[in-house]
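Since each chain comes alone in its own frame, lean on the hints to assemble the complex.
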Amino acid sequence: MRLLEYQAKKLFSDYNIKIPKGLTSKDIDQARKDVKELGFPFVIKAQVPVGGRGKAGAILKCHNQDEFELKYPQILEMSVKGEKVRAILLEKMVEYKKELYLSLFLNRGKRCYTIIASSDGGVEIESVKNQVIREVGLGNVEKEVAEDVAKEIGLEGNSIPDFVDLLQKLSKLTIEKEAELAEINPVAVLNDASLLALDGKVITDDNSNFRHAELTKFLERTELEERAEKSGFSLIELDGDIAVVGNGAGLVMSTLDMLSDNGGKPACFLDVGGGATEESVYEALILISKMNKVKGILVNLFGGIVRTTTVASAFIKAYKNKLIDQTVYARLKGAEAEKSKEMLKNTQTELFDSVEEAINAAVIGVRKNA
Amino acid sequence: MPNIYEILRGTPNDSDYNKKPVIVQGITGNYGSYHTKRMIEYGTNIAAGVTPGKGGKKLENVPIYNTVKEAVDATGSKISIMFVPAKFFLGAAKEALEAGIKLLIAIPEHVPVRDTLQTLEIAKKNDAIVIGPNTPGVIIPDVIKLGIMPASPFKPGNIVVLSKSGTLLYEISYNLSEAGFGQSLTLGIGGDPINGTRLIDAFDMIKDDPKLAGIVIVGEIGGDAEETLAQRVIDTKFNKPIVAYIAGRAAPKEKRMGHAGAIVYGNYGSAESKVNMFNKANIPVAKRPTELPMLLAGKLG
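Protein chains in written order, with the working numbering: chain B, 3 to 372; chain V, 613 to 913.
In short, the hints are calculated from the structure, not lab data. Among the clues, some could well be false.
Claimed, not checked - 30 Å max Cα-Cα, derived DSSO-like pairs, lysine-lysine:
{"id": "1", "chain 1": "V", "residue 1": "LYS899", "chain 2": "B", "residue 2": "LYS12"}
{"id": "2", "chain 1": "V", "residue 1": "LYS823", "chain 2": "V", "residue 2": "LYS865"}
{"id": "3", "chain 1": "V", "residue 1": "LYS899", "chain 2": "B", "residue 2": "LYS83"}
{"id": "4", "chain 1": "V", "residue 1": "LYS899", "chain 2": "B", "residue 2": "LYS267"}
{"id": "5", "chain 1": "B", "residue 1": "LYS174", "chain 2": "V", "residue 2": "LYS899"}
{"id": "6", "chain 1": "B", "residue 1": "LYS28", "chain 2": "B", "residue 2": "LYS83"}
Pulled out of the complex, with its shape left as it was, chain V reads as follows (with noise of 0.2 Å):
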């Protein structure tokens, strides 16, 4: 599996360590320009833009392209965030893949299933991690910013926060922060059925970094990526803290919560499910969000 630390920062040899160059698809879009403008300002290095028929034009300074292909050659991206329509983003995906990137932040909500499902396929033959769809993105605190979440409620540290949820992923940071733990990184998972890193994808990607300290999991309702997360903690006999919080518990089955994936089938994707799976695996679920950073404490000894 391709090193998300190693994407996303590079190595200490590397002459842009920390300054990675990223690609925005649909950079001209009102939602594309403003978390352009948002990420350039939290010191992301965005080099370069695409918008089919924007090609030779500017936003704050940045080269626009009317293919991936032609951003890639010129900046050498390897990282790619997305905030194409819905209905384009097969096709959007298929290119950036296609053209060498190798981390695509997908933003885009109301994905269909199944071209997600086919975004993966490519992503597998490729070699490439997609992060979503349906997601806030992915910030290492004073490093890099990749996606629409606020800047305020991150602060460096070592603790890993993996969310399903965006606004819970803020909320729960700001409160981890305040009581100070601060994040090597956190990365929002998405709200839909599928996801192109999976919360035990995430794990995987950043269970043996030395210097990590504790696990914070904000998970809810739908599908089963809590309990095969905690069979996996179970497996790897992982021994670092890790902590959990499930949204949804009161929802009433087979509704759709706002999130595409937040919907429960008879016991499948229910709260009672992943809670027990992580009782079983020995990670504590927080009965509110504010209750994590004392929980995290606790742990952490």
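Chain B on its own, in the form it takes in the complex (with noise of 0.2 Å):
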């Protein structure tokens, strides 16, 4: 799950990590209720599961009445890389002198959890510079080892001691909810050398939820999110037209990037698993018939054991039931082809022999009924 920040926040005073005082709102009816009990001046930061919110204008400063009922329903109508703004969390207004950053992963190839710290915070990681970097196992983060890192990202006097108590909470909570991240981007140095988290993300392993009701009230799931994870299929939605099918997510995503290379826009991610059923492959036709933006449907299947005729069977449904009206460009690999071609003649669907020519007939055929 990746926690949105008011929720990673949520999680940080828990731990007893501080944080600037917020309140968290899905209409301005509620957020009007907010701005009183928090005063002016605040900041209006949109929620949205990516970064690169401070660029796309969607963390804006706010001074007085005027301005927030102007800022408030600008950014409660965003998309940030394409995803909607899920809530707006407001909050006070911290004066500071430094930005930090801090960082605990799991490193996967060394199967230990790593810190990364440094001194100049407040961009994205990628650009974050003079980066340390500390290997730390499995288990919390030492206190001499947190204190070795603060010094090395040049912090002095009474910010030593609170970088350490930060980083051994951060550590706890990474470790207990089972995180494969957790990030404070920036960590705050105020004018009395204090720290304080100005920015949260957390993201931590879906399959330990079972083990975290806690976390677990914090998803927030499309219908068609949910839906899908009912069938155990894997659905991302993305910004194009053209819905991408398969079976097993390393050929869906060599999908996706071959029709990608081609100047197609997907539509979707559907993984629909290792096998595929008609039953299985219907299912995946409902879930793309509720996305409004599909202009066609792109189908990837390698079969081995699955029968072509089979999943064959789950577009004629699919068309008979008026599910579906657009094309479905469909590569089958597995027995009885020749036989699934036949069944789809008077269909809409065309069958190849290789996805590279389903992807070049998606492509033109999407671009000429635009």
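Below you can see the structure in the form of structure tokens.
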């Protein structure tokens, strides 16, 4: 799960990590009440599960009621990198003298947690300079290690014990919540040298959700995502107009890459799992039928065990039930491919021997109908 | 490190050479029983099954035991393939490793990372290999199939295919077989963030086989397994042909693309990072899976 900032900060405060005072709302009526409690000035922060909010104009300062009435609805209606704003955090403005970067992440190759810290925070991790990197095993970060890191990023005086305390709390949170990443960027160094978490990003292991009822309450899924999960599918909605369906994550990713290489724009990533049956393919088409933007459907299935005729039956059923009216561009590898072609002759499905041909036809077909 | 070929095949002097006994954990479940039948059809010597509470019964003439210990005592097996639900993975893996299993094929998807990490600690203590979790398994064509892969894409030969993805492994092996590049071993690393056998471990297991003609790496976004492997290739001055493919170039950042492990944070796990390292190691990277046989042919000269 990728927690939104306000959710990550809720966890931070559960672990006594200091955060600015803030209130979260999903509509302006609630927000007006929050404003009264908070007082001006504050920052309006869009809650989206992607980075780059600042650049996108989804974080704005607010000094008075007029500004609030103008900016709040604007931000609520925004999308950042295709992600709709889920909620808005109003957060008390803070004065500080410096921004640090701090994160703990699971180093997969080394099989241990790793600290990244820097005296130059506040920008995306790719641009963070002077990174101090420490591999720390799977247990809590020890005091001595945290102190070393604090000194190495140039902290002095009271900031050092504050940093040690912050890092140890973040480490406890990371382990207990089974997080892959816990990031505070920036950590503000206040005028009295104490530290405050200005932002928060926590990504936990989805496969451990069954042990964390306290986290799953944060889970915000669309109806489509929920339905996909129930069927054991992976669904990721994207910006384009060609739905991409296949069996197996690697195969679908590879199809997405080739489609993008050829100028196509994927509307979704839909992995129906290693096998593929008439039922699973039909269910996939139901999900796609609920996405408005889809102008063509690209299907790439590698059978081996599956019979392509069963998949063909799913397409026929979907047209018959008027579930879909878009063209399906399909590459079905597996037994009885010729028979499937015969079955689909008078439908809107085009069958291809290679995925490259299916992609070309999809890109051209969708453009023609645009 | 234990020798994977020796565990899978034994040595020519063994009475059960190429017929090493295998235990199936979770043999009575839908998935477990289906794939047990497919493995037996392929010629894999499935010697025993384990399902707690079903001891004394049989499936396809395979005796079922309540515990791995009993199954090991009865068959002398060192190999187990697991089809247990993810929630019970840690317990079942611990039981197998403590009963003397030296090669554990972990099929289940959705195993929590923490449970995998604990399993790997136990495996290390017991000098055992874990492949997976979330792996399609491992196959030596025409000798042994330990996994859920279809049989038809694989043909015997001297190429090793190592893959994070299942269906791409089948697809690419099929393309290789069609082009005349049979395989001496194909192994699914698994799509999870933590892999019992990392790409680098699998490379170490197979790199010194004198019959090895070349290696095909099927990577994907997430983690740094490909980068580490490329570095190992450089460090060992390995000079047999290696070609690679990386899935997920067009994937958005911070989205889990179907596999728990297929996620990019910043530059960590990005396709560019992997392709750059492969270039440094003189490993050509195909833009499409179908290009791999051609690239391999070029490298083989």
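Tested hints:
Restraint check for LYS899 (chain V) and LYS12 (chain B): not satisfied, since their Cα atoms lie roughly 43 Å apart, outside the 30 Å limit. Of the pairs offered as hints, the one joining LYS823 (chain V) and LYS865 (chain V) is violated, with about 40 Å between alpha carbons and a cut-off of 30 Å exceeded. For a cut-off of 30 Å, the pair hint linking LYS899 (chain V) to LYS83 (chain B) stands: about 26 Å separates their Cα positions. A threshold of 30 Å between alpha carbons decides the hint, and for LYS899 (chain V) with LYS267 (chain B) the separation of about 18 Å falls inside it, so the pair holds.
At most 30 Å may separate the alpha-carbon atoms for a hinted pair to count; LYS174 (chain B) and LYS899 (chain V) exceed this at roughly 42 Å. Only pairs whose Cα atoms come within 30 Å are accepted, and LYS28 (chain B) paired with LYS83 (chain B) is accepted, the gap being roughly 20 Å.
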